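Protein chains in written order, with numbering that gives the first Met the number 0: chain A, 0 to 189; chain B, 0 to 189; chain C, 0 to 189.
Quick caveat, the hints were computed from the structure, so don't treat them as lab data. Values in this document were obtained by computation on a predicted structure and should not be read as measured data. Any given hint could turn out to be false.
Identical copies look the same in the list; a pair holds intra-copy or inter-copy alike.
[What the hints assert, rightly or not] With a Cα cut of at most 30 Å, we get these calculated DSSO-like pairs of lysine-lysine:
id, residue 1, residue 2
1, Lys151, Lys108
2, Lys50, Lys16
3, Lys16, Lys30
4, Lys108, Lys50
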Amino acid sequence: MPEWPKKPLFETEMRHKANRFSCAVLTMSDKGSRGERVDESGAMLQEMLQKEGYQLRAYALVPDQIEAIAEILVQWVDQDKIDLILTTGGTGVSPTDVTPEAMRGVIEKEIPGMAEAMRAASLLLTPHAVLSRAIAGIRGRSLIINLPGSQKAARENIEVLLPTLPHALDKIQGGTSDCAALRNSTEAQI
Amino acid sequence: MPEWPKKPLFETEMRHKANRFSCAVLTMSDKGSRGERVDESGAMLQEMLQKEGYQLRAYALVPDQIEAIAEILVQWVDQDKIDLILTTGGTGVSPTDVTPEAMRGVIEKEIPGMAEAMRAASLLLTPHAVLSRAIAGIRGRSLIINLPGSQKAARENIEVLLPTLPHALDKIQGGTSDCAALRNSTEAQI
Amino acid sequence: MPEWPKKPLFETEMRHKANRFSCAVLTMSDKGSRGERVDESGAMLQEMLQKEGYQLRAYALVPDQIEAIAEILVQWVDQDKIDLILTTGGTGVSPTDVTPEAMRGVIEKEIPGMAEAMRAASLLLTPHAVLSRAIAGIRGRSLIINLPGSQKAARENIEVLLPTLPHALDKIQGGTSDCAALRNSTEAQI
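Construct the complete structure from the given sequences, taking the supplied hints into account.
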């Protein structure tokens, strides 16, 4: 069984870098938006991001509606210039799950490798991992990543990407740090 | 080498659930449609689905033509309300292979993780696995999954997904069973 | 850790087959096009392809501009009938990285499994592998594959696909060799 990169490889540098970036969490849940369910995943993600060093700037809970989802994502990127947005919920195969469809109208560049890596890591834990239709992509200088609605799955998924997020955000915003150099230093530590 | 989930994890429950769903098999083959090749993959898939407990409702063999493929898929979903459709053939890189192109006009939501998992499992057996352009997706309340034309490859591919199909079909049709609960019970058995 | 198929499985046959096909290398680099960086990746890929037996027919270095990239790819396929085109650079998440966007307007069929396999293999070496947005696809009878800009990453990525390329090119051009037979002979050697 391959070991997925769940832990930051050089923790101090990661923390330092994450401090530069703002973040927000968006929860998609029909039940949650009617007050019928506590948003455990959204709370967990906010806590995790702050622990990583990101500046938490916004949180919202919206129903599973394409327009509502797209509207707040666009506002957070275009007006509020939030660097990193994590969403939770609406990525499955139920008729109400429309997060990926909302993303299609929001992102300008897709990053398929992020979703592939999250699903591949989950698949080592459960065959149901194939049902996540989560996508990740760039709008402007912001990165938006979909996560499943279950707290456990959301945590397992984002842990796969945490090590690379500060570097990704730096590049998305035009940083010219050398990937190869960073990579060599990473490999030297392995 | 990671063990891919080839076997149903809790067989009794799976059989029970599969009984609720109808299925069909569509074979794409220019040679087969001219009677020049016996459709071994289509026969294998019909047998496998029935053994899993699904109610076999339809089978057809069509040439590798986008319109012919799309027409029968739409009919099986919109008119016949078939829950699960497996296709075999036309997923490769030959000029005649157009199954994915036909799917684009039929499905409303893509489930990329299903195709990724099938290819990843096949890649452990042969480097040619990368050539399958198979996709899986949802139209209405039906699930359509492309498989390669070779009997061996089709079997290896669908075996990766069999454990999750009844749960997937339940969710696609609006079932509200808790994924997390199902998942925990699965993990408890591992 | 799964062993990725980095070496041709039956070397003699592969060499023989590669001899039938022409190839070209396209490097995307703003710095390179201004003469500010030596194109090490492009040079490495040309050497590697010739060593595999392919007939090198063209090489170019263009800036990271969608129109410039698309124009030369279309010319190499439609006019020069080059069988295999490898590109290097422009696949990341920087604002200047637009190779995948250029590809969207060029390819007629995408082969998602090629990009998935390259990313999955890279992910075993570095968590930054998820940032490659490289795609592979078919235009006419030609195969175009994006690779990252770093020489090391480009080499690691293409090595995953080298074993299957001659067979892929044969099929793309309408060859009717039996995949299953080839596959069985491959497996027999493993």
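Results of checking the hints against the structure:
Within a single copy, Lys151 and Lys108 get their C-alpha atoms as close as 28 Å, and across copies as close as 24 Å, so both meet the 30 Å cut-off. Only within a single protomer do Lys50 and Lys16 lie at most 30 Å apart by alpha-carbon distance; the minimum there is 13 Å, versus 42 Å between protomers. For a Cα distance limit of 30 Å, the shortest separation of Lys16 from Lys30 across copies, 26 Å, qualifies, whereas the shortest one inside one copy, 36 Å, does not. For the homomeric pair Lys108 and Lys50, the shortest alpha-carbon distance inside one copy (28 Å) is at most 30 Å, but the shortest distance between copies (35 Å) is not.
Hint compliance for this structure: no hint is broken.
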